[in-house]
Amino acid sequence: MSRRALRRVAWAAGIALALLLPALLPAWRSQMALLWVMIVFALTWDLLGGQMGYNSFGNVLFFGVGMYACVLVQRDAGLGYFAGLFLGSAAGALLSVALAALLGSGILGLRGHYFAIGTLGLGIAAGELAGGWDLVGAGGGMVPPLYPGEVGGRETFFYYLCLALAALTLPVLARLYKSRFGLVLNAIRDDEDKAEAMGLRTTRYKTTAWCICAFFLGLSGGAVGNLLGFIDPREVAFAGATFGVWMVLMAILGGKGTLWGPVLGAVVFHLTKELFWAWLLGWQRVALGLLIVVIVVFFPVGILGWAREKWPGRSGQRVEEVGPSAAK
Amino acid sequence: MDNLRLLIDAPLLGVQLLLDGILIGAIFALSAYGMALVWGVMGLINVAQGELVMLGGYAAFFLYRAGIHPLFAVPLAGAALFLFGWVLYRSVIFRVVDKDLFISILATFGLSILLQQLANTLFGADVRTAESGLGTLFLFGGAVTVSQIKLVAFAAALLTGAFLVLFLRRTRMGQAIRATAQNARAARVMGVDTGAVYAWTFALNAAICGASGALVAMTWVVHPYLGLPYTVRSFMIVIVAGMGNVAAVLGAALGLGAAENFAGFIFGAEYQAAFVFLLLVAILVWRRFWLARERKVLR
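Chain order of the listed sequences is A and B.
Residue numbers for the first sequence follow the working numbering, beginning at 1 and rising by one.
Residue numbers for the second sequence follow the working numbering, beginning at 1 and rising by one.
Since the hints were derived computationally from the structure, they do not count as laboratory data.
Hints should not be assumed to be uniformly reliable.
With a straight-line cut-off of 27 Å between C-alpha atoms, the simulated DSSO-like cross-links for lysine-lysine are [said to hold, decoys possible]: (1) A:194 / B:99; (2) A:194 / A:178; (3) A:178 / A:273; (4) B:99 / A:310.
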C-alpha cells in the first residue's frame, strides 16, 4: 500500500473508533469526553506557547469565563435546554474572545517570564473574583440545568459535543499553521524584534492568536460545565492547579511547537491519569507536582521532539531547528 | 463601599490599617529580597518562594508544639530551611539554572504544587498558628491596637534583612555571590566555584524565607495554600523596586502591605487575594506601557 493510502486507512480507522467509542466503552463516556477537551486544551495552549513562544499560565481564564457565561445564560435566559446550551456556548465563546481582545494589547506586550507570571496572576485573580461574586454563586459555585433526555444520554451527548469541538479545533489550527499567519507566529517566537522590524504588526497578530485560543477554550468551558454538572470557581472553572497546569504539561509532554505533539501529549497524559489516578489514594496532586518537575527537568523536548531527534528523516515533516532557545 | 465612608469618618481606623499593613510589609520584604537575590545571582525566578515561606511557618509551628518559644523558632526555622534549600538545589534546581527561563519557571511552579500538596497531605489543611503569649499595645486611648508580637516580628524581619546584607557585604562567600551576580563567567575564570555559590544563594534564600515563614506563623496563621500569594507579592516588589536595592525593596514591601490592608478593608476580605493578583497584572501592564513610551520592552 502506498503511503497515502495507508494514511487514509489510518484516518478512517481513527474516525470510526472515535465515533464508536461510547458504544464500546459506555462506562467511560465522560472520561473520554474529557479526553477530547484535554486535546483542545493542549492544542490551544500550544498555539501561543509552542508556535508563538508566549508561555501562558492563565489560559484557563477563558475556559472559566466560557463556562460561567454558558451556565449563566442557561439559568437566566429562560430558554429550552438545547437552545439555552447553544446560546450559552455562543455567549461564552464571544465573551472569551472579547476578553482576549481587550486584555491582549496590555498583557501580550509583556515578554517572556513577565508574560508567564502575569497570566498566572490573571487566572488566579479571575477565580478569586468569581469566588466572591454573588451573581455567579460566589464560593458555592453554580449548577447547570438538568439534561432533559433519558439517564445516561447526557454523557453520550456531551461526548459527541466534545468530539466535535476537538474535530473543529485541529483542522483550524492545522490550516493556520500552514498559512502566512502561522509563519508570522513562528517569526514572533524566533525573534520578535526582528519580526517587528520587518513591518509585521506583532501585537495585532498576537492578540488574534489569543482570541482564537480563547474562542475554543470558551466553547469547551460551556461543554465541560454541563458535563461535570457542577461549577466551582477555584476547583473547576478557574482551576489553575489542575486544568491550567495540565494544558502546559500536555503540550510539553507531546512536544511543543508541533501540530500533533499536543494531541499525543493529551492522550498519553489523560489515559495515564485516568488509569493510575485511583491507585494513588489521595496522593494524586503530589504526584502531579512531581510529574511536572520530572517532565520539565528531564524531558523538556517532549515525545515528538525526542522522536525527531532519534529519526530526523522519518518524521514526515520537514525537520526544523527550533530548540528551547526560541523561547527566550 | 460603605467601608470607605467609615474610613473617612474615623481617621484612626486608617491609622490602624496603615500600621498593620506596614508591620506585615516587613515580612513581605524578606521573601522579596530573597527572590531578588536568587533572580539576580542565578537568573532564576523561583515560583516556589511562597512554599518556602509556608514550610518555614510549619517548622516554627512544630517547634512551638515541641515547647520552644516561637521567637527562638525563627532562627531554627531559618536553619532548617537552609538545609532544605541546599537539598532542593542539589536535587532539582541545579538542573534548570542554565536552561531558559520558561523551563525554570515551570519547574519551580511544579515544585510549588508538589510542596503545597505534600504539606496538605502530611500536615492537613487546618489553619495553624504559633502562639507567642505576648500582649497587646493600646494607642490613642484604645482606638488603635497593636499586638506586641507584630512589633517584635517587624523588628525581627529588619534584623534578619540586616544580617543578610551584612553577610553579603562582609564575608568571603558573600563577596563570591556578588561577583557571580555581576558576571558569572568572569567569576568562574577568577576561580569562584559558581556551583557552590548557586547552592549557597538558593539555601540562603530558603533560610530567609523560612525565617519570614516563622514570623508569619507567630503573627498570623499558616496553612498549605498560603504560598502563591507570597510568591506573587515578592515578584511584584522585585519588579517595582529592582534588584539589589535594599531600601527600595523595603519601601515597596511596606507600601504593598499597607495597600493590601486598605484594599481588604474597603472591598471586603474575600477580595483581598484577588486584589493582590490584579495588582500584579496592573503593575506589569503599567510598566509595559511606561517602557513602550521610552521605546523599550520589559525583558
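Now for the hints, and whether the structure bears them out:
1. A:194 / B:99: 23 Å, holds
2. A:194 / A:178: The hint holds at about 21 Å.
3. A:178 / A:273: Outside the cut-off at roughly 32 Å; violated.
4. B:99 / A:310: 22 Å, holds
In this structure, only the earlier hint numbered 3 is contradicted, and the remaining ones agree with it.
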